[in-house]
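Spelled out from the first residue to the last, the chains are:
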Amino acid sequence: MIELKNLTCRYDEKPILQDINIKITDHLSILGANGSGKSTLAKAICNLIDFDGEIEIESKNIKELSLLDKAKSISYIPAKLEVYDIYITVEEFVLLGRFPYKKSFFEYSLKDKKIAKQTLEFLKIEHLKEHTVSSLSSGEQQLTLIAQALTQQSKIIIFDEPTANLDPHNSKIIAEHIKGLKDYHQIILITHDLNLASYIKSPVVFIKEAGAKLYEDDFFNNSTLEELYGVKFESLAVKYE
Amino acid sequence: MSKLIIWVLLFAVLILSPFMGAVSLHVEDIFNPNHLSSTIFFDLRVPRVLFAFFAGIILSLSGLLFQTLFRNALMTPYTLGISSGAVLGAGIAIKLGLGSLLFGIAAISIFGFFGAMITVFLLIYLSQFLRNSQQESLLLLGIALSLFYTSCLMIIFYLGDTMQNDMLIRFTMGSLSIIGWQNPIALGIIAFLLLITIYMYRFELQLLNISDESASLKGVNTKKITLLLLIVSSFGIGTLVSISGPIGFIGLIVPHIVSKIYPSTLNKRIIKTALFGGLFLVLCDTVTRGLQTQSELPIGIVTALIGGPFFIYLIINRSK
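Sequences listed follow chains A and B, in order. The first sequence: position 236 = 236 (the numbering used here), numbered continuously. The second sequence: position 31 = 31 (the numbering used here), numbered continuously.
For the record, the hints were derived by calculation from the structure and aren't laboratory data. Treat the hints loosely; a few may be bogus.
[Unchecked claim] From chain A, some residues computed to sit far from chain B (all C-beta separations above 12 Å):
| id | residue |
| --- | --- |
| 1 | 22 |
| 2 | 28 |
| 3 | 53 |
| 4 | 64 |
| 5 | 85 |
| 6 | 91 |
| 7 | 165 |
| 8 | 220 |
[As the list claims (entries may be wrong)] Straight-line Cα separation of at most 27 Å, DSS-like style, residue types lysine-lysine; simulated pairs:
| id | chain 1 | residue 1 | chain 2 | residue 2 |
| --- | --- | --- | --- | --- |
| 9 | A | 213 | A | 63 |
| 10 | A | 129 | A | 113 |
| 11 | B | 268 | A | 111 |
| 12 | A | 103 | A | 60 |
| 13 | A | 63 | B | 268 |
| 14 | A | 102 | B | 3 |
| 15 | B | 95 | A | 129 |
| 16 | B | 223 | A | 103 |
| 17 | A | 80 | B | 223 |
| 18 | B | 272 | A | 72 |
| 19 | A | 172 | A | 80 |
| 20 | B | 224 | A | 117 |
| 21 | A | 103 | A | 117 |
| 22 | A | 63 | A | 43 |
| 23 | A | 155 | A | 117 |
| 24 | A | 111 | A | 129 |
| 25 | B | 95 | A | 72 |
| 26 | A | 60 | B | 272 |
| 27 | A | 102 | B | 272 |
| 28 | A | 155 | A | 213 |
| 29 | A | 114 | A | 80 |
| 30 | A | 129 | B | 3 |
| 31 | A | 63 | A | 113 |
| 32 | B | 223 | A | 129 |
| 33 | A | 60 | A | 172 |
| 34 | B | 223 | A | 43 |
| 35 | B | 3 | A | 80 |
Just so it is clear, the structure is predicted and the values come from calculations on it, not from any experiment. Every residue, glycine too, gets a C-beta built ideally from N, C-alpha and C.
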């Protein structure tokens with residue numbers, strides 16, 4: 001469970017998000033226009049940026065959680081994989097998700113390696129384990145990021161624009177995985193992809209003018225979308241189902 | 001197989017290096033304690049080779065560390081002006097005539113060390129004000145600091161007398177000419193400490209090599225660990241430069257070569273980079289001594305001659 005109390009985030013004194021109060025007990029999709037503060041919200045929840053107000057994760061103030069405990073409760077999957085280490089392999093990269101559980105100074109344990117292996121099998125990318133992460137396609141990189149987050153075994157997983165860099169085929173693969181993960185994790189999905197959000201079928205928070213409004217199940221109809229985005233909607237394009 | 005040949009050759013250089021130089025030595029004389037050859041071998045050549053070896057370890061490990069923490073192949077203590085800071089510190093000590101010891105340590109070393117540390121803290125402090133494309137701006141800050149330090153050194157030259165200036169010029173050229181065992185032992189301990197520290201934090205570094213954000217999300221205290229590692233390696237660089245003067249570009253070249261020979265993730269390259277760096281500087285030093293010039297060519301000039309063009313190559317290669 002995530003609870004935001006009077007959350008305010010600023011950039012150069014200008015509020016990006018102002019007095020947000022939401023109690024997220026289940027899955028949630030966060031939508032909004034470009035620059036509306038979706039990613040800012042995600043980064044605040046991960047305590048990566050400064051904010052006013054309070055954020056509680058499982059009833060604990062996030063600022064009081066240790067970095068390792070925070071990593072055990074939340075994982076964050078960025079839109080794009082970026083590595084400076086061009087030689088790191090998929091297997092080594094995925095194993096990094098076990099860092100919060102690793103004994104300081106020691107190697108990753110056999111258990112850690114087993115969990116990484118199972119995750120690669122689960123996502124059907126075990127054939128890529130010897131490849132370098134930098135040599136993969138965008139779709140494979142996204143799966144590798146998901147694998148790393150899954151080995152982190154956190155209750156909450158935040159997806160930040162998971163399909164932004166993907167073609168429709170790869171988007172569908174990722175969408176199916178995200179939907180499947182809903183049974184085991186609390187999924188927070190940040191996206192522009194309305195098809196993806198409607199397929200995932202979580203309650204929606206729409207961010208506009210630094211505020212947030214919750215829609216339980218009445219978001220995906222043409223009149224609501226037209227009002228929020230200011231453009232005409234016919235029907236959603238690609239079918240994920 | 002070719003990797004094995006490289007290592008065998010480098011180790012051969014390490015073993016043969018003390019036998020090479022202006023005076024040829026015979027093996028039977030070396031082990032005769034009354035013979036001059038024995039003094040040359042055990043009090044000059046062997047300590048010098050070990051000094052070069054440990055200096056190479058400190059320079060290449062610091063290079064690897066800076067490149068990892070800042071995720072940029074051009075970042076080294078030398079390019080960021082930390083070496084120049086140490087040179088200026090040592091220059092001030094020479095100008096002030098502090099040739100003697102302070103608390104049992106050479107005053108030049110203490111001043112050189114503080115020059116390096118002040119530069120690190122200046123860089124950390126100033127980097128707070130940088131925003132976009134922080135890495136490149138940091139490099140520019142380092143270059144700006146280097147230029148500023150050079151001007152300060154010029155003022156010292158201008159005010160100095162002939163003897164001081166001669167000492168200063170020799171110092172700024174970088175030299176591995178040392179006498180006795182005190183310096184190699186001190187440097188050996190520092191090189192070992194640096195290697196242990198970096199190896200202990202190899203997994204944190206692997207995460208930091210991806211991004212500060214990703215390390216933080218996995219539970220790494222990024223600020224604390226970055227600061228700790230920067231201080232330990234600047235301590236090593238400060239000590240080294242205050243003894244030898246600046247020896248540039250080793251930290252730039254060695255990690256690059258090792259990553260080409262062993263294209264593997266950072267963790268698997270730490271010990272290899274240290275070892276290769278040590279042997280590489282011994283090789284450079286041996287070649288310099290073998291050139292049989294009238295007086296010995298300073299090592300700092302040799303590494304800069306190789307390093308300058310290499311730096312340009314890296315810049316061009318990166319932008320592709």
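Going through the hints against the structure:
1. Under the 12 Å C-beta cut-off, the non-interface status given to residue 22 of chain A relative to chain B holds; the minimum distance is some 22 Å.
2. Taking the minimum C-beta to C-beta distance to chain B, about 19 Å, the non-interface status of residue 28 of chain A holds against the 12 Å cut.
3. Listed as outside the interface, residue 53 of chain A is consistent with that label: its C-beta sits roughly 21 Å from the nearest C-beta of chain B, beyond the 12 Å cut-off.
4. Consistency note on residue 64 of chain A: stated as away from chain B, and its beta-carbon is indeed over 12 Å from all of that chain's, at 15 Å minimum.
5. At the 12 Å boundary, the C-beta of residue 85 of chain A falls inside the reach of chain B, the nearest C-beta of that chain being 5 Å off.
6. A beta-carbon of chain B is positioned within 12 Å of the beta-carbon of residue 91 of chain A; the least distance is around 10 Å.
7. Under the 12 Å C-beta cut-off, the non-interface status given to residue 165 of chain A relative to chain B holds; the minimum distance is some 17 Å.
8. At the 12 Å boundary, the C-beta of residue 220 of chain A stays outside the reach of chain B, the nearest C-beta of that chain being 31 Å off.
9. Proposed proximity of residue 213 of chain A and residue 63 of chain A is supported: the alpha carbons are some 25 Å apart, at most 27 Å.
10. The hinted pair formed by residue 129 of chain A and residue 113 of chain A meets the criterion: a straight-line CA distance of about 12 Å does not exceed 27 Å.
11. Our distance criterion of 27 Å between C-alpha atoms is met by residue 268 of chain B and residue 111 of chain A, whose separation comes to about 21 Å.
12. Between the alpha carbons of residue 103 of chain A and residue 60 of chain A the distance comes to roughly 24 Å, so the proposed pair stays at or under 27 Å and holds.
13. For the suggested pair residue 63 of chain A and residue 268 of chain B, the alpha carbons sit about 35 Å apart, so the restraint of at most 27 Å is broken.
14. Restraint check: the Cα-Cα separation between residue 102 of chain A and residue 3 of chain B comes to about 33 Å, which exceeds 27 Å; the hinted pair is violated.
15. Our distance criterion of 27 Å between C-alpha atoms is broken by residue 95 of chain B and residue 129 of chain A, whose separation comes to about 59 Å.
16. With a C-alpha separation of about 20 Å, the suggested pairing of residue 223 of chain B with residue 103 of chain A holds against the 27 Å cut-off.
17. Note on residue 80 of chain A and residue 223 of chain B: the hinted pairing holds, with a Cα-Cα distance of about 24 Å set against a maximum of 27 Å.
18. For the given pair, residue 272 of chain B sits about 33 Å from residue 72 of chain A by alpha-carbon distance, which is inconsistent with the 27 Å threshold.
19. Pair hint residue 172 of chain A plus residue 80 of chain A holds up; C-alpha atoms about 17 Å apart against a cutoff of 27 Å.
20. Of the pairs offered as hints, the one joining residue 224 of chain B and residue 117 of chain A is violated, with about 32 Å between alpha carbons and a cut-off of 27 Å exceeded.
21. Of the supplied pair hints, the one linking residue 103 of chain A and residue 117 of chain A holds, its CA atoms being roughly 19 Å apart against a limit of 27 Å.
22. A distance of roughly 13 Å separates the Cα atoms of residue 63 of chain A and residue 43 of chain A; the hinted pair therefore holds under the 27 Å criterion.
23. The suggested pairing of residue 155 of chain A with residue 117 of chain A holds, with an alpha-carbon distance near 20 Å, which does not exceed 27 Å.
24. Proposed proximity of residue 111 of chain A and residue 129 of chain A is supported: the alpha carbons are some 17 Å apart, at most 27 Å.
25. Restraint check for residue 95 of chain B and residue 72 of chain A: not satisfied, since their Cα atoms lie roughly 56 Å apart, outside the 27 Å limit.
26. For the suggested pair residue 60 of chain A and residue 272 of chain B, the alpha carbons sit about 44 Å apart, so the restraint of at most 27 Å is broken.
27. With a CA separation close to 24 Å, the supplied pair residue 102 of chain A and residue 272 of chain B stays within the 27 Å bound.
28. Distance check on the hinted pair: residue 155 of chain A and residue 213 of chain A sit about 24 Å apart at the alpha-carbon level, within 27 Å; holds.
29. Between the alpha carbons of residue 114 of chain A and residue 80 of chain A the distance comes to roughly 26 Å, so the proposed pair stays at or under 27 Å and holds.
30. Restraint check: the Cα-Cα separation between residue 129 of chain A and residue 3 of chain B comes to about 25 Å, which is no more than 27 Å; the hinted pair holds.
31. Our distance criterion of 27 Å between C-alpha atoms is broken by residue 63 of chain A and residue 113 of chain A, whose separation comes to about 31 Å.
32. For a cut-off of 27 Å, the pair hint linking residue 223 of chain B to residue 129 of chain A is broken: about 31 Å separates their Cα positions.
33. For the suggested pair residue 60 of chain A and residue 172 of chain A, the alpha carbons sit about 35 Å apart, so the restraint of at most 27 Å is broken.
34. As the CA atoms of residue 223 of chain B and residue 43 of chain A are separated by approximately 18 Å, the hinted pair is consistent with the 27 Å bound.
35. Taking the CA atoms of residue 3 of chain B and residue 80 of chain A, the gap is near 35 Å; set against the 27 Å cutoff, the hint is violated.
Checked against the numbered hints given earlier, this structure breaks hints 5, 6, 13, 14, 15, 18, 20, 25, 26, 31, 32, 33, 35; the rest are met.
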